[in-house]
Amino acid sequence: MVRYTLRRLFWAVVVLFGVSLITFALTYFMPGDPARRIAGIGASAATVASIRHQLGLDQPFWVQYSRYVGGVLHGNFGYSYVQGVPVLPAIWSRFPVTAELAIGGVIVELLVGLPTGIIAAYRRGSIADRIATVFALLGLSAPPFWLGLVLLYYLAFKMGWFPIGGYGSPFIGYLILPAFTLGIGGAAVYTRTFRSTILDVLDQPYIRMARAKGLSESVVLLRHVIPNAITPIVTQIGIDLGYFLGGVFIIEAVFGLPGIGQQAINAITQLDIPIIMGTVLFAALLIVISNIVVDLSFALIDPRVRYR
Amino acid sequence: MPKHSLRTLASCVLLLVLAGCGASGGSYGSSGSANSVGANSGPKAPAGQSGTLYMDWTNDLSHLDTGKCYDTECWPYMYAMFDRLIDYKTDSTNDDQFVPDGAVAMPTVTNGGKTYTFRLRRNIHFWNGKLVTSADWKYSFERIINPKTQAGAASFWTEIVGASAYASGKAKHVSGIQTLGKWGLRIKLLNPDASFLNVLAMPFGSVVDQAVVQKYGRSYDCCHVMGTGRYMLKEHIINQRMVLVPNPHYWGGKAATGHLKTIEADFGISEDTGLLRIERGSADLDGDGIPAADFVSVRNDPKWSKLMFHYTEVGTYYIPMNTLMKPFTNVLVRRAINYAINKSIIVRLINGRGVVTNTILPPSMPGHGSFNLYPYNPAKARQLLKQAGYPHGFSTTFWTDNVGDDSRISQNIVQQLAGIGVHASLKVVNGNTLTAAVGTKRKVPITFEAWFQDFPDPNDFFEPIFSCASAVPGTFNEPWYCDPKVDRYANQLKVMQNRAQRLRLYPRLDKMVMQDAPIVPLYNPVFWDIHSTALKGYLYHNVEEWIFQHMWKG
Numbered sequence: 001m002v003r004y005t006l007r008r009l010f011w012a013v014v015v016l017f018g019v020s021l022i023t024f025a026l027t028y029f030m031p032g033d034p035a036r037r038i039a040g041i042g043a044s045a046a047t048v049a050s051i052r053h054q055l056g057l058d059q060p061f062w063v064q065y066s067r068y069v070g071g072v073l074h075g076n077f078g079y080s081y082v083q084g085v086p087v088l089p090a091i092w093s094r095f096p097v098t099a100e101l102a103i104g105g106v107i108v109e110l111l112v113g114l115p116t117g118i119i120a121a122y123r124r125g126s127i128a129d130r131i132a133t134v135f136a137l138l139g140l141s142a143p144p145f146w147l148g149l150v151l152l153y154y155l156a157f158k159m160g161w162f163p164i165g166g167y168g169s170p171f172i173g174y175l176i177l178p179a180f181t182l183g184i185g186g187a188a189v190y191t192r193t194f195r196s197t198i199l200d201v202l203d204q205p206y207i208r209m210a211r212a213k214g215l216s217e218s219v220v221l222l223r224h225v226i227p228n229a230i231t232p233i234v235t236q237i238g239i240d241l242g243y244f245l246g247g248v249f250i251i252e253a254v255f256g257l258p259g260i261g262q263q264a265i266n267a268i269t270q271l272d273i274p275i276i277m278g279t280v281l282f283a284a285l286l287i288v289i290s291n292i293v294v295d296l297s298f299a300l301i302d303p304r305v306r307y308r
Numbered sequence: 001m002p003k004h005s006l007r008t009l010a011s012c013v014l015l016l017v018l019a020g021c022g023a024s025g026g027s028y029g030s031s032g033s034a035n036s037v038g039a040n041s042g043p044k045a046p047a048g049q050s051g052t053l054y055m056d057w058t059n060d061l062s063h064l065d066t067g068k069c070y071d072t073e074c075w076p077y078m079y080a081m082f083d084r085l086i087d088y089k090t091d092s093t094n095d096d097q098f099v100p101d102g103a104v105a106m107p108t109v110t111n112g113g114k115t116y117t118f119r120l121r122r123n124i125h126f127w128n129g130k131l132v133t134s135a136d137w138k139y140s141f142e143r144i145i146n147p148k149t150q151a152g153a154a155s156f157w158t159e160i161v162g163a164s165a166y167a168s169g170k171a172k173h174v175s176g177i178q179t180l181g182k183w184g185l186r187i188k189l190l191n192p193d194a195s196f197l198n199v200l201a202m203p204f205g206s207v208v209d210q211a212v213v214q215k216y217g218r219s220y221d222c223c224h225v226m227g228t229g230r231y232m233l234k235e236h237i238i239n240q241r242m243v244l245v246p247n248p249h250y251w252g253g254k255a256a257t258g259h260l261k262t263i264e265a266d267f268g269i270s271e272d273t274g275l276l277r278i279e280r281g282s283a284d285l286d287g288d289g290i291p292a293a294d295f296v297s298v299r300n301d302p303k304w305s306k307l308m309f310h311y312t313e314v315g316t317y318y319i320p321m322n323t324l325m326k327p328f329t330n331v332l333v334r335r336a337i338n339y340a341i342n343k344s345i346i347v348r349l350i351n352g353r354g355v356v357t358n359t360i361l362p363p364s365m366p367g368h369g370s371f372n373l374y375p376y377n378p379a380k381a382r383q384l385l386k387q388a389g390y391p392h393g394f395s396t397t398f399w400t401d402n403v404g405d406d407s408r409i410s411q412n413i414v415q416q417l418a419g420i421g422v423h424a425s426l427k428v429v430n431g432n433t434l435t436a437a438v439g440t441k442r443k444v445p446i447t448f449e450a451w452f453q454d455f456p457d458p459n460d461f462f463e464p465i466f467s468c469a470s471a472v473p474g475t476f477n478e479p480w481y482c483d484p485k486v487d488r489y490a491n492q493l494k495v496m497q498n499r500a501q502r503l504r505l506y507p508r509l510d511k512m513v514m515q516d517a518p519i520v521p522l523y524n525p526v527f528w529d530i531h532s533t534a535l536k537g538y539l540y541h542n543v544e545e546w547i548f549q550h551m552w553k554g
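If you read the protein sequences in the order shown, they are chains Y and A. Residue numbers for the first sequence follow my numbering, so the first one is 1 and each next one is one higher. Residue numbers for the second sequence follow my numbering, so the first one is 1 and each next one is one higher.
Isolated chain Y, as found in the complex (with noise of 0.2 Å):
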């Protein structure tokens, strides 16, 4: 378990340092000149050409990138372009309401999703089961900018219930339709993935034998059924913390949420390449990290895992 701990970080590390520089090479080649952004577009020639001097754009690419490398190894991952503020914490600082529209989603996923694929499990081939597979679809197909903006349109402008975008204090308000719009599309796919894996649990004759022991069908779901079917539901679990806290960006976008999916977002519109850096390096080491966790409590959650 140790070794193969020790393996995956090594990837870990492999996979970030191509990350860097796919991306890096990505905004060296990419048309616009940041220069010219940070002067303003009435800029002199002569003004643009100091600015990338300063600022050393001027330099080949391998010389660019061996620095910002350097600078990264030494915790320093530059400052942004635009608004001149260090990079990681003005990441940092927008993580939190990313992190809150993450675990939002997720529990829409789980409290929407789980009781859903029960109930489809249990009553198969009825009207019940039939909806769930409608909702599982149209969860599925539904475009997440579409329907947070149907959202908003009904819920926050018609009817007042939410605030119409943005984020303030309580948090709560401003996040239960950005969650739930995030939440949906997952707990269509949690619907479909439980049911399977509880019709599939039911069939084994353990939980024959739990029957049989006169448990009432309650305690067979909740401590026979449930354990065993939830495995491919948290590795679900943690592939979407990991995606979703990189930065969600259409529902960020949609919502007025100041995350750090917004972040990349202006980062690339303002070509500001500390951030662009910054942003995709923070998303990617979210994914590497729930990846690694979500393989090893495999060998948490199931004994018969062993890992070498």
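For the record, the hints were derived by calculation from the structure and aren't laboratory data. Treat each hint with caution, since some may be false.
[Claimed, not checked] Calculated cross-link-like contacts (lysine-lysine; reagent style DSSO-like; alpha-carbon spacing at most 30 Å):
hint, chain 1, residue 1, chain 2, residue 2
1, A, 172, A, 138
2, A, 303, Y, 158
3, A, 326, A, 380
4, A, 234, A, 170
5, A, 343, Y, 158
6, A, 343, A, 148
7, A, 343, A, 511
8, Y, 158, A, 114
9, A, 511, A, 326
10, Y, 158, A, 441
11, A, 114, A, 170
12, A, 343, A, 427
[To be verified] Chain Y regions said to be covered by chain A (calculated; three or more residues, Cβ under 8 Å):
hint, stretch
13, 23-33
14, 49-57
15, 112-125
16, 279-286
Cβ coordinates follow ideal geometry from the N, Cα and C atoms, glycine included.
Got chain Y sorted already, so can you dock chain A onto it with the hints?
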């Protein structure tokens, strides 16, 4: 200033007419009356200060540092938070008269227009209480010229004596900026410049506190700016919110700080959401304007149409042709292109969000004169092409970008050119790429561009786009135009001290350039805005944009 810095305003410009937008002012509601203080009157402004003005933006402001702010989003806040030696009178939309601000009076101009002497106010304080003296003004101006500040408008200041030596590190100070005791300032120019007062009235000409700038370094821009203006920065949470409050120690007194208790800018709000918030009353203004998809319904809504404002912007959309690339080296070809374009179709294509123009200067730019050298005439266009040696037309590449309506308009232009035998393949690139490409010699033969005023002086339209000095790499002189005779005349006008005479002569310069036809002027865009029912005293100025001190919540 080219169009990309006004992307936000360009997206505001929406459907529906307005041939009635004249040069004299904006139009409010559906009646078309000129906008001024009280145009939205009815209730009087309350005594005292109350209420919060909420303004939504899709993105956070790029800069709060007056040394760096050079786009239309941060611009109005610079005028709200900082003082300059002189300012614009902001009683109406197109009022371009100067008024003294940090100076007691307008400067004494001597030495053939090369020396400006100011007497400074003695009661201006920074928000931290420090008294502003001539040393602060000198520092603030030198800071713009210092390359380390990365000020986008540094080139406007290079005409000051000693600026080049200072910028290159050969001098510790700018010799042409002299303090006259604590309350006097003298600025000497290398050559007379009739637009120099306009340069001083830009946000770059604001006074800042040297100690604060040096204390905070990089983070001064986002979070620790120090001004003297009507409003002070209370809070700036990056990409979330910015809050301004009236400056209780403003030199102009409490009455000059208006009737609002707070001004809040909320960031990360899309145009669509912003409009919903205005309609719901959660916001009062949206800096990004009215979404195109909603414009018609809003314009036709009897309630909301009364709360809309529009005016013809001081900008021109045009087709530049590279005078260094064949066949556009031939003036007959360029004139043919001018005759070939039906500009009304383009304005219809953008649903009336513009007014057809045939001149370089917009109608509301001082020095504008009306003429039309090339009325639409495709037959004449074909004849000129034949005369130029292209009886069957020619092929070329029409560059455009993917911003707003640009590619749609460019497609239409390409279709119109095909009508006279000019086969242009459309090349759509990213906005930043286009900017870089047009600034490269002999790269872009023909394209679609725009220019908006930096300040209300006609030289701002000629020097950056049509002067020989501007035809260098990285230029905005997209046609790479250089005519020494035109240059000489433009320079004569630039240094002329008699303003009335100067402005009378600009139409002649406009015509001189248009006779060479390096561009095809297409239209002047119309800006549309909307505000909440609760907001009163709405006023928009064509340089300073939203004038917060005129507004109140009712």
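Between residue 326 of chain A and residue 380 of chain A, is the straight-line Cα distance small enough, at 30 Å or below? Roughly 20 Å separates the two Cα atoms, so the pair holds.
Pair hint outcome, residue 343 of chain A versus residue 148 of chain A [Cα-Cα no greater than 30 Å]: 44 Å, violated
Would you check the hint for residue 343 of chain A and residue 427 of chain A, treating anything up to 30 Å between C-alpha atoms as holding? Within the cut-off at roughly 21 Å; holds.
Hint check: residue 234 of chain A vs residue 170 of chain A, CA-CA at most 30 Å. Holds or violated? Given pair residue 234 of chain A, residue 170 of chain A is violated - Cα atoms ~39 Å apart, limit 30 Å.
Within a Cα-Cα threshold of 30 Å, do residue 511 of chain A and residue 326 of chain A meet the stated pairing? 23 Å, holds
Cut-off 8 Å, C-beta pairs, minimum 3 residues; does the coverage of the stretch 23-33 of chain Y by chain A stand? holds (count 3)
Mind checking, does the stretch 112-125 of chain Y have 3 or more residues with a CB under 8 Å from chain A? violated (count 0)
For the pair we were handed, residue 303 of chain A and residue 158 of chain Y, check the Cα-Cα distance against 30 Å. With Cα atoms ~17 Å apart, residue 303 of chain A and residue 158 of chain Y stay inside 30 Å; holds.
Given that the stretch 49-57 of chain Y was listed as covered by chain A, double-check it with a C-beta distance under 8 Å for 3 or more residues. Three-residue rule met by the stretch 49-57 of chain Y, so holds; n is 4.
When you check the alpha-carbon spacing of residue 158 of chain Y and residue 441 of chain A, does it fall within 30 Å? Distance ~54 Å between residue 158 of chain Y and residue 441 of chain A Cα, so the pair is violated.
Does residue 138 of chain A sit within 30 Å of residue 172 of chain A, going by the straight-line distance between their CA atoms? 12 Å, holds
Taking 30 Å as the top limit, are the C-alpha atoms of residue 114 of chain A and residue 170 of chain A close enough? Measuring from Cα to Cα gives roughly 23 Å; hence the hint holds.
Checked against the numbered hints above, the structure violates hints 4, 5, 6, 8, 10, 15 and 16; every other hint is satisfied.
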